[in-house]
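*Asks:* Sequence:
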Amino acid sequence: MSLQTRNGIGAIFEIYYFIQPKTTGMRIINDTLEQVRDFQRDDLNTVRMESDSSKLTKNLDDQNLDDRVKVVPLYVPDDALVKVFMMHSSHKSALANAPFAAGFRRQETVALFSIGSEDLMIENDNYASVRTLAKQYIKLIKSAQRTGPYYLAGFSFGGILSYEVACQLRQDGEDIAMVTMLDTMSWLPKSFQENEAQFEKFQHFLLADLKEKMVARFLRSTALGRLGFTLVEFERLMNDLGSGERLCTALEERAKTMNVSLGDVRGHVTSLKDQSERACHAHLEWQPPEVKYEQTISYIRCQNVDQTKQSFVSWDLVELWESLTNNIDVITLPSSHFELLDQPYAEICGLVIMTTAVMKHRNLTEWQPSPRSNQEERLINFLKSAVEVLISYDDDFFNAKLWLSEEEKQFSMEHENEKQHKKIEIQLNDIRNIIPGKYAMFHSKTEMKQLDQNLIISLMIHCNQKLHIICQDERQRDYIMDAFEVLFGIPLIRFHY
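In the UniProt record's numbering, the protein residues as written are 1 to 497.
Among the hints, a few may not be true.
When the alpha-carbon atoms are kept at most 30 Å apart in a straight line, the in silico DSS-like pairs for lysine-lysine are as follows [said to hold, decoys possible]:
{"#": "1", "residue 1": "K211", "residue 2": "K273"}
{"#": "2", "residue 1": "K466", "residue 2": "K423"}
{"#": "3", "residue 1": "K292", "residue 2": "K142"}
{"#": "4", "residue 1": "K83", "residue 2": "K142"}
{"#": "5", "residue 1": "K438", "residue 2": "K422"}
{"#": "6", "residue 1": "K409", "residue 2": "K466"}
{"#": "7", "residue 1": "K256", "residue 2": "K190"}
{"#": "8", "residue 1": "K409", "residue 2": "K384"}
{"#": "9", "residue 1": "K135", "residue 2": "K273"}
{"#": "10", "residue 1": "K438", "residue 2": "K384"}
{"#": "11", "residue 1": "K422", "residue 2": "K401"}
{"#": "12", "residue 1": "K211", "residue 2": "K135"}
What follows is a set of in silico ranges between Cβ atoms, one per label pair, in the way DEER data are often shown [to be verified]:
{"#": "13", "residue 1": "E290", "residue 2": "I380", "range": "45 to 51 Å"}
{"#": "14", "residue 1": "D452", "residue 2": "P289", "range": "42 to 48 Å"}
{"#": "15", "residue 1": "K256", "residue 2": "D175", "range": "51 to 57 Å"}
These are calculated hints, taken from the structure and not from any lab test. All of these numbers come straight from a predicted model, not from anything done at the bench. Heads up, the beta-carbon is just placed ideally off N, CA and C, and yes, glycines get one too.
Construct all of the structure, not just a fragment, from the sequences and the given hints.
*Replies:* Given below as structure tokens:
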């Protein structure tokens, strides 16, 4: 079962605490609350030791921010080796990242923490700049993990926060192992904002669109979770009344007839709009610092972009992030922006974050595989035999025999006929992720897209390269994926999504 956590204003978040290893539901609740109190207490003690009364007065807004924003554990195995810190999105809710915890199940190597507030109705908040927020959040992160390497992630506005946190940590001499962005809008140079004729229209549309969609999602969760609406009923009502005052009134009247308290629905709607606008302004004001994070960014982009928004945007949102680093792995999901918070896309995003963290951790440590069952040994031996597949690599197609080395350190792919002999070797430590091909080939050539996407396994490797394994059938595909899971010791994104 899953534990549904209701916040003070009635919104419901599916928290995947049922996947916590070796814990009961009540223990999870108590442990979570205790960890939040410990993290907050440690951080406040640090602030008190370092600040005199005049400094506290000067930085009152920062201190208030520390009081509200916390490190909230979403999935914490007892023996976790890696901690991923996921920044809040525009409305500062830590629990809004909870759906991504679904992708962390079935493994005990990586823990997921969310940086955000438990108070979802933050009023009159100055929201600060991205740089100031990152500085505060680094204190919180270090209260949970004193030294690097650090693993960071963020959805939407949270992505730019995670990048800025990485830059500041790098400036402080810390190691950053991972930055993962979930459909984060690119930064825009000041010169572009000042000189691009369409920018003002784009900004106006962006704010209106963000507010409308966030309010609609909140009211939908209230209607379905508290008032017993079906999704069809709610969508019909919203089509008739819009997502403004009339819809709020209709939900309040339904609550009265059911004798259900919705809390301050209108107050939360106002808070959502206010926070969205402040986050949007903070995002657009941000410019890259002098000391940049220049390592790999894993970027999940949405394939379904609003056509109206596209008409305003004349630049590629990923290319501007590429201008800050030469290494960016792009994974494309067939969803819209806010659908990343819904299943199955939230679980896929969580799996991308988790598997990226594990792959990086393997590179930084002496990886020791867990003891294997007889079935798992058979799967590894299958990889060590010559598996006949079709390979696409570096704009070339060829039939090849794929095998894993006896030392389990590299894959080899060999092709030989009367005219040529070709051999490719891929070190396991160079593999940054393994995903279904349909998520990796958005910009692939036509001949790749004409293949059966459900038979392609894509290896994301160093230097922004991809190697595609085109399997003979689903049985071979699943057998190879099963073997990969045993080899890397983690669940991977499978083809049933």
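*Asks:* Confirm or reject each hint.
*Replies:* Hint check:
1. K211 x K273: holds (5 Å)
2. K466 x K423: Roughly 16 Å between the alpha carbons, so the hint for K466 and K423 holds.
3. K292 x K142: Holds - the C-alpha atoms of K142 and K292 are around 20 Å apart, at most 30 Å.
4. K83 x K142: OK: K83 and K142 at ~11 Å, within 30 Å.
5. K438 x K422: holds (26 Å)
6. K409 x K466: Roughly 18 Å between the alpha carbons, so the hint for K409 and K466 holds.
7. K256 x K190: Status violated; Cα separation ~50 Å.
8. K409 x K384: holds (11 Å)
9. K135 x K273: Roughly 25 Å separates the two Cα atoms, so the pair holds.
10. K438 x K384: holds (26 Å)
11. K422 x K401: Distance ~11 Å between K422 and K401 Cα, so the pair holds.
12. K211 x K135: holds (27 Å)
13. E290 x I380: 45 to 51 Å: Since E290 and I380 have Cβ atoms about 47 Å apart, the given range 45 to 51 Å holds.
14. D452 x P289: 42 to 48 Å: holds (45 Å)
15. K256 x D175: 51 to 57 Å: holds (56 Å)
Checked against the numbered hints listed earlier, the structure breaks hint 7 alone; every other hint is satisfied.
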